[in-house]
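Protein chains in written order, with UniProt numbering: chain B, 1 to 144; chain S, 1 to 191.
Source of the hints: derived by calculation from the structure; they are not laboratory data.
A hint or two may mislead.
Calculated pairs, DSSO-like style, for lysine-lysine (alpha carbon to alpha carbon, straight line, at most 27 Å) [as the list claims (entries may be wrong)]:
#1 S:Lys119 - B:Lys131
#2 S:Lys187 - B:Lys144
#3 B:Lys102 - S:Lys159
#4 S:Lys187 - B:Lys18
#5 B:Lys17 - S:Lys159
#6 B:Lys102 - S:Lys83
#7 S:Lys32 - B:Lys13
#8 B:Lys33 - B:Lys69
#9 B:Lys18 - S:Lys119
#10 B:Lys33 - S:Lys159
#11 S:Lys119 - B:Lys102
#12 B:Lys17 - S:Lys56
#13 B:Lys24 - S:Lys159
#14 S:Lys119 - B:Lys13
#15 B:Lys18 - S:Lys159
#16 B:Lys60 - S:Lys119
#17 S:Lys159 - B:Lys13
#18 B:Lys33 - S:Lys119
#19 B:Lys17 - B:Lys131
Incomplete in silico selection of chain S near chain B, CB under 10 Å [what the hints assert, rightly or not]:
#20 Glu142
#21 Val169
#22 Met186
Every residue, glycine too, gets a C-beta built ideally from N, C-alpha and C.
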Amino acid sequence: MHFITGGAFNGKKAWVKKTYRVTKDDPWISAYKNDLIPINLNGIDRNLIILEGAEQWIKKLTEIHNSTKSRELWNHYLNQWSSWEKEKPERQIVVIGTDITKGIVPLEAENRLWRDVTGWAFQDLAAKSDKIDVIWYGMNQSIK
Amino acid sequence: MAASSSLIFITGGVRSGKSSFAERLATEFADKTGGKLTYIATGVPSDREMKLRIEKHQRDRLAKGSIWRTLEQPVNIGDLASKISENDIILLDCVTTLLNNQLFVANRNLDESDLAAVKERIQTGIMELRNRAKTVIVVSNEVLHEPIFHDHFILMYGKLLGQIHQFLVNLADQAYLVEAGIPIMMKGMRQ
Numbered sequence: 001m002h003f004i005t006g007g008a009f010n011g012k013k014a015w016v017k018k019t020y021r022v023t024k025d026d027p028w029i030s031a032y033k034n035d036l037i038p039i040n041l042n043g044i045d046r047n048l049i050i051l052e053g054a055e056q057w058i059k060k061l062t063e064i065h066n067s068t069k070s071r072e073l074w075n076h077y078l079n080q081w082s083s084w085e086k087e088k089p090e091r092q093i094v095v096i097g098t099d100i101t102k103g104i105v106p107l108e109a110e111n112r113l114w115r116d117v118t119g120w121a122f123q124d125l126a127a128k129s130d131k132i133d134v135i136w137y138g139m140n141q142s143i144k
Numbered sequence: 001m002a003a004s005s006s007l008i009f010i011t012g013g014v015r016s017g018k019s020s021f022a023e024r025l026a027t028e029f030a031d032k033t034g035g036k037l038t039y040i041a042t043g044v045p046s047d048r049e050m051k052l053r054i055e056k057h058q059r060d061r062l063a064k065g066s067i068w069r070t071l072e073q074p075v076n077i078g079d080l081a082s083k084i085s086e087n088d089i090i091l092l093d094c095v096t097t098l099l100n101n102q103l104f105v106a107n108r109n110l111d112e113s114d115l116a117a118v119k120e121r122i123q124t125g126i127m128e129l130r131n132r133a134k135t136v137i138v139v140s141n142e143v144l145h146e147p148i149f150h151d152h153f154i155l156m157y158g159k160l161l162g163q164i165h166q167f168l169v170n171l172a173d174q175a176y177l178v179e180a181g182i183p184i185m186m187k188g189m190r191q
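Chain B on its own, in the form it takes in the complex (with noise of 0.2 Å):
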């Protein structure tokens, strides 16, 4: 798995395209189009995937369950996605999430919640990733 983190508006999409030189045909399922989290990939017979917008499948978790409960799901949904890569060697799944952890504390109890779990469920997307990169205004920085 490669994870692709930044802040909003960075160019993390455009990196993506361009890294991997994404065609029209290329799964690409996106939070920020409504697509639900994809719970198994089974079935889709391609060597690429791109999961897009994690930051908004964690909040909808967290809308539904408690910290715990939210974050056992997110390391579900990781595992179910690594062992669709590990079936064939040239299979990549690239899941894109927006840094939204450097702000104030928000007011509401609930987008708390969604900050402290997305911070976590980054981290534990970080350790499942082989490549990590992190966008800055188009430019990447490898961290992984």
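Chain B is already provided as a structure; the job is to place chain S on it using the hints.
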């Protein structure tokens, strides 16, 4: 275009020392090249706090012993081009204020084409200055690492700012992220 005209982009969090670093870089360039320091002030002293901040910045620049020419230009910075010559080292501080001013000058609901025009005006304005000056140093803020999806205006503002930053980093000869007073070079090489 001036022979060695260059663009430097600097960003960082609030009180990260980005302005001090930008000023230091500008005076270094001026010492090395004999260039003239020009400060483009974008802040409108709308209230007491803003007025005090501006005065502090002015005192800081003066205290360091360098001579600065100050040009006040809250909007349409491209209009300054005629006052810029190839010996000038320009410090523009900062893009977020400029974007605020440029958005509020319209004083009405902005549609997509208005927003594109605002972005275009800022980007071409900066490039017009760059094309005439020796060096343009542009300072901005890191504000895109928190949720900005909940409010339409903030989302639109964030999108414009992110796009302008991407445009500037792409064209910059050097780009820095300042963390706790320490500049991290993200692009280019120190001369």
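Now for the hints, and whether the structure bears them out:
no.: 1; hint: S:Lys119 - B:Lys131; result: 34 Å, violated
no.: 2; hint: S:Lys187 - B:Lys144; result: 19 Å, holds
no.: 3; hint: B:Lys102 - S:Lys159; result: 17 Å, holds
no.: 4; hint: S:Lys187 - B:Lys18; result: 19 Å, holds
no.: 5; hint: B:Lys17 - S:Lys159; result: 19 Å, holds
no.: 6; hint: B:Lys102 - S:Lys83; result: 40 Å, violated
no.: 7; hint: S:Lys32 - B:Lys13; result: 40 Å, violated
no.: 8; hint: B:Lys33 - B:Lys69; result: 25 Å, holds
no.: 9; hint: B:Lys18 - S:Lys119; result: 24 Å, holds
no.: 10; hint: B:Lys33 - S:Lys159; result: 17 Å, holds
no.: 11; hint: S:Lys119 - B:Lys102; result: 25 Å, holds
no.: 12; hint: B:Lys17 - S:Lys56; result: 45 Å, violated
no.: 13; hint: B:Lys24 - S:Lys159; result: 24 Å, holds
no.: 14; hint: S:Lys119 - B:Lys13; result: 20 Å, holds
no.: 15; hint: B:Lys18 - S:Lys159; result: 20 Å, holds
no.: 16; hint: B:Lys60 - S:Lys119; result: 33 Å, violated
no.: 17; hint: S:Lys159 - B:Lys13; result: 13 Å, holds
no.: 18; hint: B:Lys33 - S:Lys119; result: 25 Å, holds
no.: 19; hint: B:Lys17 - B:Lys131; result: 16 Å, holds
no.: 20; hint: Glu142; result: 7 Å, holds
no.: 21; hint: Val169; result: 4 Å, holds
no.: 22; hint: Met186; result: 6 Å, holds
The structure does not agree with the numbered hints 1, 6, 7, 12 and 16 stated previously, though it agrees with the rest.
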